[in-house]
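So you can see what is in the structure, the chains are spelled out below.
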Amino acid sequence: MSNIDSKVLRYKVENINTLPTVPGVLKRLSVIIEKPRITLVEISAFISNDPALTTKVLKMVNSAIYGFPGRIASVSHATMLLGLNVIKGLLLGVSVFELMQKTMNGLYEHSLACAIASRVIAQKKGLKEPEEISVAGLLHDIGKVILLLEFPKEYETAMNEAQAKGISIYEAERIQFNATHANVGSWLAEKWRFPKNLIEVIEFHHRPTLSKNAPMETAIVHFADMLVRARAFGFAGENMVPEINPVAYEMLKLSETDIKDVLNEMEDNMDSAEDIS
Amino acid sequence: MPKIPVAKLEAGMKLAKPVVGKNGMVMLGEGTELSETWVERIRDMDIASVFIDGPPIQAIPREEALANLETRFAAVEGKPHMNLIKKIVKEHIEGLYE
Ligand SMILES: [Fe+2]
Ligand SMILES: [Fe+2]
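Keeping their order, the protein sequence lines are chains A and B.
The first sequence runs 1 to 277 under this note's numbering.
The second sequence runs 1 to 98 under this note's numbering.
Worth double-checking, as some hints may not be accurate.
Covered stretches of chain A (in silico footprint by chain B; criterion: 3 or more residues with CB under 8 angstroms from a CB of chain B, positions within the stretch not fixed) [claimed, not checked]:
id	region
1	219-232
2	240-253
Derived BS3-like pairs: lysine-lysine, alpha-carbon spacing no greater than 30 angstroms straight-line [stated by the list, open to error]:
id	chain 1	residue 1	chain 2	residue 2
3	B	K90	B	K79
4	B	K90	A	K260
5	B	K87	A	K165
6	A	K124	B	K87
7	B	K86	A	K253
8	A	K260	B	K87
9	A	K165	B	K79
10	A	K59	B	K3
11	B	K22	A	K102
12	B	K14	A	K260
13	A	K102	B	K17
14	B	K90	A	K124
15	B	K8	A	K102
16	A	K102	B	K3
17	A	K253	B	K87
18	B	K3	A	K124
19	B	K87	A	K56
20	B	K14	A	K59
21	A	K196	A	K27
22	A	K56	A	K7
23	A	K56	B	K3
24	A	K260	A	K125
25	A	K56	B	K8
26	B	K8	A	K59
27	A	K125	B	K87
28	A	K59	A	K260
29	B	K17	A	K56
30	B	K79	A	K124
Calculated Cβ distances over 12 angstroms to all of chain A for the following chain B residues [as the list claims (entries may be wrong)]:
id	residue
31	L9
32	A11
33	E40
Source of the hints: derived by calculation from the structure; they are not laboratory data.
Backbone N, C-alpha and C define an ideal beta-carbon position, used for all residues, glycine too.
Kindly produce the complete structure, drawing on both the sequences and the hints.
Structural data, given as structure tokens:
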């Protein structure tokens, strides 16, 4: 049974900038993106001052995660095209890449595939900002990274329990932490001043009917997450395909052809999308 | 468009994506057919793998991939919509081996 108080957990997450387990790059980025009035120009300058970061950002903007036609060659163009929230999410994505690799092997592939699938479904549904859904897909499991960094032993226990009892990692986390990666991720997204929709997608991607402000976006990432697991891209804590929420399924109304298209897009783009480190 | 580790490169393969150095400079363009010399040069660069034209290579044999699929879906057998999703994913995976 759990001996971790979820209030303590939340306090730690909200003070991520002071946690010794969290590497410097993420702390520095966290300080930048949580600023209440950060501007596009500032964030553009922050990226441009770091050549390695610039390369990674441009690779990612030009990858299948976003699916822009043509090549985006400069950071300023990328920031203008994507806007503040998407750029913030993208920066987090490139910064947690190595962390994901270190903490849970396969979580990055899982997240990338989910970003691609979410974007394709969003386009099929005619959503106005498919890039924002890509970001939601990319970051939906970011809570796992923090749990793994701060509580590696407990998280391993959760993974073993999931395996032994045949329950999902989401359920195993709840037993172990009195909270889940979805909670942790939403606390982070709030701290980083992401829009309400993105916070809700992260918070409810396992229980999509609870989302009040972004039911469609949440249903998309919920479906994408399931499909990525069904195809077995990457690893997210255990190897089971979760049950799709029937309400989310009905809301999306994806045809068989739609689902096949999503699978093909992931298939065609995973190799090159992984190549952004 | 498979990603090939540099150790497995051979002359005659064709680049599906440019080879880019650490500084972001394009060293060899997309579509270049690799000669022995190019293969050697690529090995002298600090890169792990490059993209080559051709159909993707599957990491595990077909039978194993299909057996894993059954295991992954075992707990959701018969749940709403899951049989249809499994059927679609199964056809998709079979398609990767044709
Ligand atoms: Fe999740
Ligand atoms: Fe996930």
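Status of each hint after checking the structure:
| no. | hint | verdict |
| --- | --- | --- |
| 1 | 219-232 | holds (count 6) |
| 2 | 240-253 | holds (count 7) |
| 3 | B:K90 x B:K79 | 17 angstroms, holds |
| 4 | B:K90 x A:K260 | 11 angstroms, holds |
| 5 | B:K87 x A:K165 | 26 angstroms, holds |
| 6 | A:K124 x B:K87 | 21 angstroms, holds |
| 7 | B:K86 x A:K253 | 17 angstroms, holds |
| 8 | A:K260 x B:K87 | 11 angstroms, holds |
| 9 | A:K165 x B:K79 | 19 angstroms, holds |
| 10 | A:K59 x B:K3 | 16 angstroms, holds |
| 11 | B:K22 x A:K102 | 22 angstroms, holds |
| 12 | B:K14 x A:K260 | 29 angstroms, holds |
| 13 | A:K102 x B:K17 | 27 angstroms, holds |
| 14 | B:K90 x A:K124 | 22 angstroms, holds |
| 15 | B:K8 x A:K102 | 26 angstroms, holds |
| 16 | A:K102 x B:K3 | 22 angstroms, holds |
| 17 | A:K253 x B:K87 | 17 angstroms, holds |
| 18 | B:K3 x A:K124 | 29 angstroms, holds |
| 19 | B:K87 x A:K56 | 37 angstroms, violated |
| 20 | B:K14 x A:K59 | 22 angstroms, holds |
| 21 | A:K196 x A:K27 | 22 angstroms, holds |
| 22 | A:K56 x A:K7 | 36 angstroms, violated |
| 23 | A:K56 x B:K3 | 18 angstroms, holds |
| 24 | A:K260 x A:K125 | 15 angstroms, holds |
| 25 | A:K56 x B:K8 | 26 angstroms, holds |
| 26 | B:K8 x A:K59 | 25 angstroms, holds |
| 27 | A:K125 x B:K87 | 23 angstroms, holds |
| 28 | A:K59 x A:K260 | 26 angstroms, holds |
| 29 | B:K17 x A:K56 | 17 angstroms, holds |
| 30 | B:K79 x A:K124 | 25 angstroms, holds |
| 31 | L9 | 16 angstroms, holds |
| 32 | A11 | 22 angstroms, holds |
| 33 | E40 | 22 angstroms, holds |
Hints 19, 22 from the list above are not met by this structure, while the remaining hints are.
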